[in-house]
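Protein chains: 2
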Amino acid sequence: MSAVIKVNLPSESYDIAIAPGNLDKLGAQMASLNLGKKVLLVSNPAIFRHYGERALNSLKDAGFDVTNCTLGAGERYKNLSSIQKVYDKALENRLERSSTMVALGGGVVGDMTGFAAATWLRGINFVQVPTTLLSMVDASIGGKTGVNHPQGKNLIGAFHQPRLVLIDPQVLKTLPIREFRAGMAEVIKYGVIWDADLFAQMENCDRLDQMRYIPESLVQTILERSCQAKADVVSKDEKEAGLRAILNYGHTIGHAIESLTGYRTVNHGEGVAIGMVAAGQIAVELKLWDEKSQERQVNLMQKTGLPTKLPAGIDIDAIVDALQTDKKVKAGKVRFVLPTQIGAVEITDKVPSDTIHQVLQQM
Amino acid sequence: MSAVIKVNLPSESYDIAIAPGNLDKLGAQMASLNLGKKVLLVSNPAIFRHYGERALNSLKDAGFDVTNCTLGAGERYKNLSSIQKVYDKALENRLERSSTMVALGGGVVGDMTGFAAATWLRGINFVQVPTTLLSMVDASIGGKTGVNHPQGKNLIGAFHQPRLVLIDPQVLKTLPIREFRAGMAEVIKYGVIWDADLFAQMENCDRLDQMRYIPESLVQTILERSCQAKADVVSKDEKEAGLRAILNYGHTIGHAIESLTGYRTVNHGEGVAIGMVAAGQIAVELKLWDEKSQERQVNLMQKTGLPTKLPAGIDIDAIVDALQTDKKVKAGKVRFVLPTQIGAVEITDKVPSDTIHQVLQQM
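Residue numbers (full-length UniProt numbering), protein chains in the order written: chain A, 1 to 363; chain B, 1 to 363.
It is possible that some hints are incorrect.
[Stated by the list, open to error] Calculated pairs, DSS-like style, for lysine-lysine (alpha carbon to alpha carbon, straight line, at most 27 Å): (1) 60(A) to 333(B); (2) 89(B) to 333(A); (3) 85(A) to 85(B); (4) 350(B) to 350(A); (5) 350(A) to 303(A); (6) 333(B) to 85(A); (7) 60(B) to 37(B); (8) 37(A) to 350(B); (9) 309(B) to 350(B); (10) 37(B) to 333(A).
Derived by calculation from the structure, the hints in this document are not laboratory data.
Full structure from sequences and hints, please.
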């Protein structure tokens, strides 16, 4: 089992390589990309303990001159102070414009390493080795990089495409269950917005709540089809001018919930899951899609062990207010991605505030 | 007298508009660019006192919803803390992806505003209104943005093209003499690397050491031909892969001198002037150009009131060592831009350390 998915962009193209055991091929695969000798590997302490040595050895065996640094794990470390640490390491090791930063970790490590690579010497090479399901199917593809502002997620950032995304499904074995489920939220998203067949294949699997219950072949399919969906959308709209906005399905309300719970109580995937349920229900209220499809969406979410209700005690007015500071706001209007059937969505800025309030109150 | 110079890039193009009185036309010129309503004007306290109100009024009259903020003046404020101030203001005023940041000031304000615009919401619109000669002919064109790392200039940054560069030569009347001369260093650079006729026109002017001795028509010519030279080079090489490197003539050693004197004793233009004299002398030693051309270069620099010697007490070994951390280093080799005749240069990484040492010791 192995696949290579091509991301074709006007300015540059790159591969997403998916295969068990890929981690040990990192150096060899990078060697074919005509990069400079110097590599800075960025990770977090836990991931580095599991996989750092294998990654470093693979790079050294391929002839790279490698150093590494680790950043605190979690959204609360996703800030400019962590970026400063990467800059200091880059300076210390005299990284050049032809050098490469490699992100070994989840979305937080990937977004920060990408932002550091985007802004060091006005942009150096960047390779993604995602180690969580969420970052494999979402964060590592598409070139979005950045850090949080104390008052809002990902407000600071840049577009910077990786030269390679290398995925090894075997590293998911050490992923905590809650994080696995968070990644599945994005996979279900691809089913709803783009790939009805992927959605159906997951419906047909008996258990989805833990990785170990899912056949290896379905894991490979989930990774391939999710990456393909994201690559399709990103290739058609690199800078998020239009189509790419559909990837934000569930994210408008999801981000608000994450932010209001301080990025701790509710993680990104859980926020997105709740946001998809809310968006689906808004679509039902606006008669854009039917109750049966919404029921299928909620059921698949529940089978995966994802939340489908608002966290207890959250202030609904605060959610609606937070929507206004979201990046997706245009001319003061909140844009929603709403499903019309399993596998298709539309974008609208015509959702009445009353409908948002009403749907959230019933959750 | 007025000129519009087009900068044509693969992804986008923009105008450099040069005319006396342009400051009052800022709003009108931006109105034709299809930008969002919200504008954040960034400046420094002194420039804002001189020209802030005119700029704000022009923007308001054209229907923009404008706020402003000022950052400390000078290289020592060119850091991530200043950028954070801009981010906070952007959040407070809820800037959107269609919004615009306008830089009103010199290179420091321009580079920082550009970097904030490049990294806020992963990139919003950006307009340059340069108020120093240096930023008019150099920093405001080409899309380089960034801040300093405590250990090196401009190490942190991004490429982000402005939507418009608006130049009003009249604002140069309030420019301190020393800063005017610093700008002239870059103008002389364009003469040496690209435009022998511009060089000759300046040689033919009796005095160049103060703006008030230069005929208005020559000021307009200096601005037009310098901007045209930079636009030509940048259009051919947006991301500094090849040709654009010639713009670094004088900058390799210049940056090292600026850095070693703490960005205060020697300003950017003065550093570049000394760097050009050094590069010229290295070229003489390597028999790439003749002593007579070097003499013409030194004379023009002296007529402008620019330094042509190293600052007293500077450590030559430290200069040579600092060259190693320069962004222009490739595979550990320092690349030099060396003149071959007035109006033409070549790039080489084959300058022996001994020659660098020897030339610097004689300065």
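What's the verdict on residue 89(B) and residue 333(A), does the C-alpha distance respect the 27 Å limit or exceed it?
Cα-Cα ~20 Å, so holds.
Does residue 85(A) sit within 27 Å of residue 333(B), going by the straight-line distance between their CA atoms?
Cα-Cα ~26 Å, so holds.
Within 27 Å, alpha carbon to alpha carbon, are residue 350(B) and residue 350(A)?
violated (64 Å)
Run the distance test for residue 60(B) versus residue 37(B): straight-line Cα separation, threshold 27 Å.
holds (10 Å)
Distance restraint between residue 309(B) and residue 350(B), which requires alpha-carbon spacing of 27 Å or less
holds (24 Å)
Does residue 37(B) pair with residue 333(A) here, judged by a C-alpha cut-off of 27 Å?
Given that 27 Å is the threshold and the Cα spacing comes to 14 Å, the pair holds.
Does the structure keep residue 85(A) and residue 85(B) at a Cα separation of 27 Å or less?
holds (20 Å)
CA of residue 60(A) to CA of residue 333(B), is that 27 Å or under?
Holds, at about 22 Å.
Is the hinted pair residue 37(A) and residue 350(B) satisfied, with a Cα-Cα distance of at most 27 Å?
Holds - the C-alpha atoms of residue 350(B) and residue 37(A) are around 20 Å apart, at most 27 Å.
Residue 350(A) and residue 303(A) were given as a pair; does the straight-line alpha-carbon distance stay at or below 27 Å?
The given pair, whose Cα atoms are some 32 Å apart, is violated under the 27 Å limit.
In this structure, the earlier hints numbered 4, 5 are contradicted, and the remaining ones agree with it.
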